[in-house]
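Participant: So you can see what is in the structure, the chains are spelled out below.
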Amino acid sequence: MTTTIKSLVSLNHQKRNRERVLVRALTFIFAFVSVGTTAGIIYELLKETVLFFQEVSIIEFFTDTRWTPLFASKRFGVLPLVNGTLLVAAGAMLVAVPLGLLAAIFLSEYASERLRKILKPILEILAGIPTVVYGYFALLFITPILQDLFPQTQIFNAASASIAMGFMILPLMASVSEDALSAVPRSLREAAYAMGATKFETATQVVLPAALSGVAAAFILAVSRAIGETMIVAIAAGQQPKLTLNPLESIETMTAYIVQVSLGDTPHQSIAYKTIFAVGMLLFVMTLVMNIVSYFITKRFRERYE
Amino acid sequence: MSTTTLIRDVNFERDLSIRKIKGKIFEILAFFAVLLGIAMLLTLLIDVFFDGLPWLSTRLFTEFPSRFPEKAGLRSALQGSIWLMVLTAAMAVPIGIGAGVYLEEFAPQNRITRFIEINVANLAGVPSIIYGLLGLGLFVRQLGLGRTLIAGAMTMALLVLPIIIVTTREAIRAVPRSIRQAALALGATDWEVSRDHVLIYSAPAIMTGVILAMSRAIGETAPLITIGALTYIAFDPKGPFDIFTVLPIQIFNWVSLPQSSFHGLAAAGIIILLLVLLSMNALAIWLRNRLIIRW
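Heads up: the protein sequence lines correspond to chains S and Y, in order. Here the first sequence stands for residues 1 to 306, where the numbers follow my numbering. Here the second sequence stands for residues 1001 to 1295, where the numbers follow my numbering.
Hints were generated in silico from the structure; no laboratory data involved. Cβ coordinates follow ideal geometry from the N, Cα and C atoms, glycine included. Mixed in with the good hints there might be a few duds.
As the list claims (entries may be wrong) - Example chain Y residues on the side facing chain S (calculated, C-beta under 8 Å, incomplete):
| # | residue |
| --- | --- |
| 1 | Ser1017 |
| 2 | Lys1020 |
| 3 | Leu1029 |
| 4 | Leu1041 |
| 5 | Tyr1102 |
| 6 | Leu1103 |
| 7 | Pro1108 |
| 8 | Arg1147 |
| 9 | Leu1158 |
| 10 | Thr1189 |
| 11 | Val1193 |
| 12 | Phe1252 |
| 13 | Val1255 |
| 14 | His1263 |
| 15 | Gly1264 |
| 16 | Ile1270 |
Said to hold, decoys possible - Ranges between beta-carbon positions, derived for each pair:
| # | chain 1 | residue 1 | chain 2 | residue 2 | range |
| --- | --- | --- | --- | --- | --- |
| 17 | S | Leu94 | Y | Ala1124 | 23 to 29 Å |
| 18 | S | Ser57 | Y | Leu1029 | 47 to 53 Å |
| 19 | S | Pro144 | Y | Leu1029 | 24 to 30 Å |
Assemble the whole structure, with the sequences as input and the hints as a guide.
Facilitator: If you want it as structure tokens, here you go:
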């Protein structure tokens, strides 16, 4: 008998250790998939974007005021798409910022714990509704109302998409701001009350300024979400890239353009195929910058209360 | 002087009552903002419900899409959605949970770990349509998978991965250190601690996160349109390498048509989609209330 208890134990140890090392390696690879995803996104976008800029000058892309890559006379000025994107996003923020901020102040400063626990989940349902549903609502419910109010409203218009999108990002704005407001310590509020401030004055002149960095981060996150939102604008905002500030007109956003091209049968090597990657690259960079700025604000400028 | 003089400042008192009224108005306004959000939600649900109700029938489940609204159904879209969910979950769940376990339990405190963490946080903020472009370039073209279910599922898996990783980490973090220390003291390896204790205790919370990630995936439309999920599919998908359509794409397709009867069909499709989402969320809430252990 050469197998002693000791050797069995050590054999078992080896086996368990091998399994441990194997699992560690495997889960590391799983975690690294996220890095691979980022690399993949940048590689795929960059590859086609470089090909695109071999055919179109980068100056034309950023300065030309017409975007007609699908027509016979092709023009590649991305400004109309950027204009459309920013117009819709600005409109959405007009809805989401005041409502979201007011809702955040109400939930954190005024509502009782019980009321907060009821209202917050209901509000968050708004964020869980698929965007295609908001698109339906914008086109078939909001637009007819806008047409009643302003007869010159076109069937596809930026305003209806903005309103629907504003309500979609309201919960994001509200919950991130509320977290920031709730993080302001009680002692600050009590100090304000002791100085004779009313609840309203405490909330708006003490708590809100103290939580401003968190609110700013929420704002930037919401803008970034609005810029990247696709289905609402693809359904309700139209397919006419143009430089306009009139929200009642039909426009086209960067995301809606990508959808428009994707729906057609676009050959792999064609210039139209490359344009969606160039537009996608611009969109990716815009949202990336905003996400980084928001991350930076929360990290660096957060007031720390001991 | 022995008597106290009561000083009344009339101006201050008038000011104070104005300040209090201002505060009250603000409170009402703030409450109104919350109500407006809820009212919008209700309006949306009621509008969709009444638009879609006349078109809701069992035909939606048995018929393929059609040019004729009275014959059109969601059969291929529903099957595509189910296929896509199963394939997406099969890829995203093990990878997401594994990555979460690694970052929370095994990862050393170093630059690579920090880098991965920043990456995950950043990916959660990338617009979904960008994932679609990744899927189109990488899976559809480079890997040559074409516009198939598997290419769509891989794209979707990458999209929901950050959600699963983040919720897994939160679930694992809620398990107290003492559990780990007890197991380690008995000689378990860190993997055995995770497998036999941490993951078991956090399983309901992880499941909740997975369900929420899947409910995000089921309503997601843009990345699948980008990789070219077709809108007209008149056959049952048989396997991962078939072309496909899904519920939200079929809804999008119907909304885009000018005839109002197709809009009714779209609303009926939305009702089904919302019912699926509602039951998934109810399941998640049930899991959270019943099975999650609070320490």
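Participant: To test your reading of the hints: which numbers does this structure violate?
Facilitator: 1, 7, 8, 11, 15
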